[in-house]
Amino acid sequence: MTIASQSSPEAMTASPPAAAPATPDRTPARRRTTLTRNRWGYAYVAPFFLVFGAFSLYPFVYTAWISLHKTSLSDINGGTWVGLENYRNLLHNEFFWNAARNTLTIGVLSTVPQLCLALGLAHLLNYKLRNRTFFRTVMLMPYATSIAAATLVFSQLFGRDYGLINTVLQSVGLNPIDWEGGTWSSQIAIAVIVTWRWTGYNALIYLAAMQSIPGELYEAAEIDGASRWKQFLNVTIPSLRPTILFTIVVSTIGAVQLFGEPLLFAGNGTTSGGASGQYQTLGLLMYQQGWSNFHIGQAATTAWAMFMIILVVVGLNALIGRLRARADR
Amino acid sequence: MATLALPGTETTAVRTVDKPERRGGKGARAGKAGPVTYTLLTLTALVSIFPLYWTVVAGSHTNAEIAATPPPFLPNASLFDNFKAALDQAPIGKAILNSVLVSSSITIGTVLFCTLAGFAFAKLQFRGKGLLLALVIGTMMVPTQLSVIPLFMMIADLQWVNQLQAVVLPTLVSAFGVFFMRQFLISALPNELLEAGRVDGASTFRIFWSIVVPVARPAMAVLAMLTFLTAWNEFFWPLIALTNANPTVQVALAGLGSGYVPQRSVIMAGTLLGTLPVLIVFTILGKQIVGGIMQGAVKG
Amino acid sequence: MATVTFDQATRIYPKAEKPAVDALDLEIADGEFLVLVGPSGCGKSTSLRMLAGLEEVDAGSVLIGDRDVTDRPPKDRDIAMVFQNYALYPHMTVGENMGFALKLAGVDKAERARRVAEAAKILDLSEYLDRRPKALSGGQRQRVAMGRAIVRSPQVFLMDEPLSNLDAKLRVQTRTQIAALVKRLGTTTVYVTHDQVEAMTMGDRVAVLKDGVLQQCDTPGALYDRPANVFVAGFIGSPAMNLVTGPAVEGGVRVGGAVLPVPREQLARAAAGNGQVTVGFRPEAMHLVGPGEGVQVLVNVVEQLGSDAFLYTKLAGEDTDDVLHPSDVVIRTEPRSAPAMGEKLWLGVREGALHVFDAATQQRVE
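Protein chains in written order, with the numbering used here: chain S, 1 to 329; chain W, 330 to 629; chain Y, 630 to 995.
Among the clues, some could well be false.
To be verified - The calculated lysine-lysine pairs, modelled on DSS-like cross-linking and capped at a C-alpha distance of 25 Å, are:
{"id": "1", "chain 1": "W", "residue 1": "Lys361", "chain 2": "S", "residue 2": "Lys128"}
{"id": "2", "chain 1": "Y", "residue 1": "Lys839", "chain 2": "Y", "residue 2": "Lys647"}
{"id": "3", "chain 1": "S", "residue 1": "Lys128", "chain 2": "W", "residue 2": "Lys458"}
{"id": "4", "chain 1": "Y", "residue 1": "Lys644", "chain 2": "W", "residue 2": "Lys458"}
{"id": "5", "chain 1": "S", "residue 1": "Lys230", "chain 2": "W", "residue 2": "Lys423"}
{"id": "6", "chain 1": "Y", "residue 1": "Lys704", "chain 2": "Y", "residue 2": "Lys732"}
{"id": "7", "chain 1": "Y", "residue 1": "Lys750", "chain 2": "Y", "residue 2": "Lys763"}
{"id": "8", "chain 1": "Y", "residue 1": "Lys704", "chain 2": "W", "residue 2": "Lys616"}
Calculated from the structure, these hints are not laboratory results.
Because the structure is a prediction, the values reported are computed rather than measured.
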């Protein structure tokens, strides 16, 4: 609450030619008014935060509480406090490590090709095209297809006996593959589904970022004598770096949560992820623990482990981004 | 691929500049696509469409016909028989109706609540705003798995298992939506417009209704389309909260494959039925959805 | 109609060290056209927004007529504002834009239509009433913004750089139109600009601000003839007044090897600070004198404008190759007989046209 004084010698009073009316008495200091500090802000965010708090924040925190209990689905409000035992068990649980390993390999198998393909596709879409709306829309079709539908179709295509892919392999003289039965083959097949659904979407994101690069940058590079490839390396990629980091984060979060594809890949909704769990992911394991085996506490622990993995990945990304930014300076 | 001419050199090749619809001449570098580009793009388009096309092919044959070697590549006449069989095996008709109800409710709620909150985060000053926004953005990283257990307990308590509100309510708002609307309004809504409204004597609510909403309409439309699509395709939570007695499309599809002797052509016909509504919407609004995703990408 | 009073009005932005507007005292008469002018960041727009109610007043008060409006929201102040980017509602037609405030005030439809039509007629917008702002040219949009203000017949018009989005030619034309319109309506007007030409041509009085502090408020003529300090002297007038600082010596101020004569008593007061005196003389206040009589300069650049020519000159003995500072003294001359580049001239300042400032306080010394 400052009472401003005539702080500068330069300040001077200006009066109009006519005599000034007397200023009414008043106290110069006052509380900050709310003309621009708007309490209405709370009213606008309130509906969102009510729903958000009840159905997102509260469950999120409560899951942590459950993970410290031995609870089953039938015993919903009870359960005994076991502290960190669920976490200790998890670390000694071979199913957890199997699922974590599968999640990692399927994640790498789907994310890396997906983003590389998307980058190349965006580059192609960035040319002056006839029918470009058509191409963009068609490439987004897989994104509009649901996980369930996509997985059902692909599990037919990857079918061992009558699947189209094996038919094609045989017609060119190769041996058919038991896609669902093998570890690598099943993980590759699942990665194909993920890649099919998300490549077009990521390509559009890259395309949007490419189009917001000022044309002058390329003109300047060209005048400096950079070839097209050099331009791609030295202008396009650095300009896309924040977008690339963003898509890596988003697809990693998606990969850690992978659930629908492995659940439906065998066609019959088994939670084991194949006969020997060869494609069971963390998301699937969590569902199995909670809704097949009814061990809610364990499931909550697995969910938290998934979140930790995401935090580590996002943290690493932020770190890399920061280091790169520092290197650029 | 056209070569870009160096200004001031002897080769006076015409520099290809993209149409002005590329915002403000930005990204003006793109050359004309050559045959290689078109070939690659066409291939990608085929790969994108083929599984959907195969759904039609497989769904319109009998089981025996698609098992033949070589397999058929054109649609056949059995489509409606298979549709009928699929409708008998799984409550797909009810599921589509449920999905329309659920997705519409979620869309309306999300657009409304996220526009309100996005506006406040973009343009109003209030204590704790930064913290609340960080909370919203932070939870975009939290996997669904982390909230389903307490959510399931909640709806079990409320006796909402197998009821549609169990699927609608938890998805009624989205952190992404708030962020999306905020990013849009920060740049699309000049502060002066709000100030003009205040000088003109509009109340806070009137400013929202008469000035903010009309300006936000394009972004609201984009958010509505994306939300509807996401809600329609939502799988994990509906699978937990609903059963085949009262399913959404995705839940019904999950049940379709779990028959004792899976009939491939019937599964494909059912998949086609459940996917058709979004594909129709996508055919009509595809261009807008593409634009919305690209717009959101630049803003985000 | 009403007077406007700023009484020690102060605005300190959160986290800022210095006030954006520091104890502003200003009284604006009923019907007066007052221009707030200054470089960017001087607080002129903040002052206007404090009057509009869009900016808080941290100390002091703001009055419209006899009403203390310091804590009143904008809608209770009976003011209308024209924004720099016009702030037209993009989804409303021209007519709806102009009538929005009346609609909110509960004015009935027929009356609203009548007043909008009337304003549209004055501004030559009648045929555009059904169009959206997007379909209008820059000049037309500017007029809609004006129309939105005058439809309400408010007590005070507030205008925040309303011409700066127009091209140069249209700006000059619109400048005169606004001045004429406001005179005709007789409404008290506070007008903000960074352009001193706009300020001088439009204002009944002009208030010059710098760093949140009012420097001087007077009629355009008085500002030009008797700037209160070095800042105002340099800010008002184009090209700017020549300002040179030198030590006080017997009989005057030493400038580039010569002595500009200053009366003894004035010199004594001006040099009271640190012995240095700043003298100012406008480009048109110079005349040629015989060799050795005045200040010697070297013509560095000649600008031919047709009606005038401006000589950019260096004081003799200064470095003429310094491209960033090509000139110490600017001189206005007859265009037909202008000296050429490289010529050496001897200059004197016309009788009574020399402004004297204390170099320490920067204040004018009479």
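The hints, checked one at a time:
1. About 4 Å separates the Cα atoms of W:Lys361 and S:Lys128, which keeps this hinted pair within 25 Å; it holds.
2. Our distance criterion of 25 Å between C-alpha atoms is met by Y:Lys839 and Y:Lys647, whose separation comes to about 12 Å.
3. At most 25 Å may separate the alpha-carbon atoms for a hinted pair to count; S:Lys128 and W:Lys458 exceed this at roughly 43 Å.
4. Between Y:Lys644 and W:Lys458 the alpha-carbon distance is near 17 Å, which keeps this suggested pair within the 25 Å criterion.
5. At roughly 56 Å between alpha-carbon atoms, S:Lys230 and W:Lys423 are farther apart than 25 Å, so this suggested pair is violated.
6. At roughly 13 Å between alpha-carbon atoms, Y:Lys704 and Y:Lys732 fall within 25 Å of each other, so this suggested pair holds.
7. A C-alpha spacing of about 20 Å is found between Y:Lys750 and Y:Lys763, which places the hinted pair at or below 25 Å, so the restraint holds.
8. Using a Cα cut-off of 25 Å, the hinted pair Y:Lys704 and W:Lys616 is violated, with the two alpha carbons roughly 43 Å apart.
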